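Colleague: Each chain is listed here by its residues.
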Amino acid sequence: MLKDALKSERPTTPVEVLELVADAGAAGRALEIIGGGTKRSIGAVTGAAAVLSLAKLDKVVDYAPEELVLTAQAGARLSDLEQLVAAEGQMLPFEPPHLTGLLGSRGEPTLGGVLAANLSGPRRIRAGAARDHFLGFEAVTGRGEAVKAGGKVVKNVTGYDLSKLMAGSWGTLAVLTEVTIKVLPAGRTELTLLFFGLDDSRACELMAKAMNAPVELSGAAHLPTRTAARKPLKGEMAVTALRLEGFEASVAARTEALIAALKSFGRAEQLDAEHSREFWTQVREVEAFRGDKRPLWRISVAPASGWRVGEALSGDALYDWAGGLIWLLSQDDPAKVRGVVHALGGHTACYRGEGSGFEPVVGSLAALSARVKAAFDPNGVLNPGRMAKS
Amino acid sequence: MPAPDVALIARKAEIVRALSRIVPGEGVIGHADGLVPFQSDGLSAYRQTPLAVVLPETTEQVSAVLAWCQANGVKVVPRGAGTSLSGGALPLQDGVVLGMAKFNRVLEIDLENRCAVVQPGVTNLAITDAVQADGFYYAPDPSSQIACTIGGNVAENSGGVHCLKYGLTTNNVLGCELVLMSGEVVRLGGKGFDAAGYDLMGVVTGSEGLLGVVTEVTVRLLPTPQMARALLLGFASVEAAGAVVGDIIAAGVIPAGLEMMDNPAIRAAEAFVGAGYPTEAAALLIVELDGPEAECAELAGHVRAIANARGATSIQVSQSEAERLAFWAGRKAAFPAVGRIAADYYCMDGTIPRRQLPHVLTRITEMAQSYGLGVANVFHAGDGNLHPLILYDADKSGELEKAEAFGADILKLCVAVGGVLTGEHGVGVEKRDLMGEMFNETDLACQQRVKCAFDPDLLLNPGKVFPRLHRCAELGRVHVHRGQVAFPELPRF
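Residue numbers (our numbering), protein chains in the order written: chain A, 1 to 390; chain B, 1 to 493.
The following block holds chain B by itself, in its conformation from the complex:
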């Protein structure tokens, strides 16, 4: 992280007083005990006590807090529920955490236009809860959906097991109210299908809290599918399971969910929840189909035939809603299940072209052996998003460092085979220093200039996403003269 500003830390009392004038009552936390719960997010290996926490309740307060912080050079880290798996909400020693938890109201449900206007602190699942009696739901379903907030989902462009068919957050939000670091309030998008001017909503989504603070979100609602049916398919090899995934898509079927688990993940999940998984299988696929009953039945027939043709060792089709949920129970409990077989685990999040799966899993197994660590793989197979869970013991000296090095090697491998560093968890602090694997200096400078357009003093969530923050004035220079571009030594295409 950037070196903390000691002079600023010395001004703590003054900062807390000033913020308390903007957000009175219990709105500002400055004493050490109160700051403990904010020390880390879902990436708990990283911890830092912030200077203070401010918990505003209105857009006006957010605007005033940000304007004051900008005027006084105080860094700000926005935070929803703190469930980020990449350290997106990791505090700064010399920065204020802006907690959005009090923005917890559903403001409007507009079924005529199939959208809801909600405050950013509303949890992902609470949106569905608010509309399901009317036959609607909000599609993106990150696994932390009972806790994570929609504001955090916008910041991280969160996915979930159903995003192959229904898209990520960015495909399911229509508009937002955004407060810039200057305190200016802008409205992006709306209830219509497209907005005037540049698609700033699109670039704010997934910007990891570096561009602005969302104070209101308009999300798209979908009618709840009539039913869903799941198939549980066991295979003797990862290659066979991977081939089935390709065959299903080649047959024109886009399942609502298409998950894969390898043998260590299957065994851990089965031991934990007893979902009825075939523990001898090398790979397990969960294929979920949704829609009218006739569609589920027809597609289940296609999937079954494909699995048989590839020599599936077991095929189960859910016959009831309870059975479908049981099939999912093991997958949904995969992370805590792995937590039972190892002291600690470290979850990675690369995406690869699916055809590279057998190669990548073989290499991961080899790397695990050379690092002397265990690994279990769960995989959003439909969209190529891999979640290797690296098993380690933080109490053993050097194991965390080994796990991190192993994780970095996996992500480098993902990029090397044509994939990306992160499919849904975000870059945050975790993968920040790996950005150079995917992007050269020119690419990163281009992204940072967008940051400068929103936050020229680089006060909003600094230390995340970019390996190095260049001053905006420096980036603003045009490095072109008679076709002589900057960094001529770097490859361009």
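So here's chain A without its partners, still in its complex pose:
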């Protein structure tokens, strides 16, 4: 791979990051910015002269469980942090997916990388996305300036909320060097209800009904028959799953309420805590679609419209976020995929396959986005090509 032939810089301090970016800017060279490098295949960077890896900026700066706040350098490994907070009975609320299996990538995802990609797992429907827990940061902009924004407390409105802008910018605005996130207590227990044999539209209806009940659902996913039949589930029928987390008595009461509210959808089976965890890890990591060569789309629409995507396009789908997130393996023409999703008011990203990447924003929003990019990185030093033309 040409990319691997690029010179790789692995700074060990934020000051070195600053110098590398400033030097690149002064010399008119572009940089590819990576954490663990596990998501490099999505929206590939073109024309970078070197790779800047944050992997050696991997320290935990401060973790105060009772303050619900964790500050770490951007290259801190996600799995290390998950263990760190789990030891205190806490969790990263947005349940970040690692996606290494799905993308066939080696290496360890980092906290900075998952925030830059704004990736969130099944709990997003209840707890919010990565961006919702991103409290503040230190970074080096494409201008070669070290900046900080936000704070290290859970509630703060001082100045613009630039953390939101960093989340989902895929390293095109600034190189994160240190990030602060909100953490939360993990549920004491969890339980999953499984419903079988529903078609996609009926499953979306069930998930909406469950979401609309006061039961604080923390997962709602649907695996249509062909998806459920694949590894690792190897089931015989479509599976629709609902997760409840919390204190034991509460989970029991909510389970009962949910079963009563969803009687018309058939009998529900229950997964205990251990099997529930296993199941939702598989959903989070989209394990059913590992190793398939077809193009893989990540599609976001209003949840109630989710099933229409599967209806209009060929291939295999996995629905998360109560129908609001669709992973689709499809050989349909990319223009057709985008057309169907746009007609439903949603948007796509292609995570694997030819033309992998993000779709450009259009119209006056494109001009505004370009001005925002120029505010941080006027000369295009950071990750050129990664987020299409935005």
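Don't take every hint at face value.
[To be verified] Derived, one-sided and incomplete: chain A residues facing chain B with beta-carbon distance under 8 Å: (1) Val51; (2) Ser53; (3) Glu67; (4) Ala87; (5) Ala129; (6) Asp132; (7) Lys148; (8) Lys155; (9) Ala167; (10) Ser250; (11) Ala343; (12) Gly353; (13) Val361; (14) Ala375.
[What the hints assert, rightly or not] Covered by chain B, per the in silico footprint, the following chain A stretches (three or more residues, Cβ under 8 Å): (15) 211-217; (16) 230-240; (17) 294-303.
[What the hints assert, rightly or not] Footprint (simulated), chain B over chain A, 3 or more residues, beta carbon under 8 Å: (18) 136-146; (19) 156-163.
Quick caveat, the hints were computed from the structure, so don't treat them as lab data.
These numbers were taken from a predicted model, which means no experiment stands behind them.
Cβ coordinates follow ideal geometry from the N, Cα and C atoms, glycine included.
Using the hints, position chain B against chain A.
Modeller: Leaving out everything else, chain B in the frame of chain A:
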């Protein structure tokens, strides 16, 4: 504030005529009497009569007004209900106030997707009113929720007593229609969980009316919890109450609300509403739990045990909805209650790491003594958001200035212990000159370049948030040469 443009003020008649052509009928106010109600917002110590007020009714009118103002170099101050506590809607002598009150319709309720599309002038509480019969509500609940508008909530990223569990405005809005100063209309976000491209909705939320004017908002709705129960816990010391807050969270409980009041606040509230508060307690905690009955009962048991272990001097658990509301009545009336024991009060809004609470409250007491002013503290204890109420008398010469200096010292202390200047009220004009306590020039220049991307002529709500506004052309230069960054003398990390 920036020095008023005398030449522009002289063009008032022409400006009013031009705006009246865009918003006909009663849509433009130019005469002095009509402008009086717009002179200030919730931060009433600051007053300024605007050049004119324009009250558009459609997005097209907002777009045309902004485009005309940009073409003619006229500054614009957007305004919702005018309840800002930081002077976010304070008018400019040489600027037009853009009042959004006529945008007061709920456009769509989409329960399948648990969201509502509303106009920005709809009040926070009216959203809940529109959906509560269906078993839903809008979670953020700033104390001014009967009056404040959702457009203002987006501008300020408003919080409330329930944001520990349910988040601020930014965590509860999905999309908006935004008009830029150029008159361009953009749509950000939508009904889905995430949007394409940069999260501009995220940076517009909490931008204090400096980036654009919101003309439509899509908010997230939540199913109403089955029930709520509150505990009222009295303590002989602030330290004990603070420790209980930490213990509750360490036990894995995230209450829907977790409030603290100190003794002066307890006494003022009790004298005002007679909520049954223990007036001898040094600190009072209100812990609200919500969810199914079984959950409330289980968690109330945990909280009670924690409070006992820390030597609570009184413990009451609400046995009915009426009792729960009574527990809250004192807290919700804390500001007017304090208003009864002092001629005037000045409300601060810093956030601190909770472990710093005893230290910060001790320092505030010491500062109060040295300034010779009273202070009462109410505190969103769960998320560390402190509201010291400084008591003063504006009729006594020099007291307002003293109160402001005291307030600034409190906020500097918040930053010094690892906290921030404002948890939910915004920077506005009030804390503008303190921004340097948290951010250096490079940080502020970075934020201002975002402003320039949205409003290159700096015409939208100037004089707020930033201590100094640099011209965008000046900020646009790249100050880097061979690794030599601008402002090399400033600390970087």
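Colleague: Which hint numbers does the structure go against, in order from smallest to largest?
Modeller: Of the numbered hints given earlier, those the structure breaks are 1, 2, 4, 11, 12 and 16, listed in rising order.
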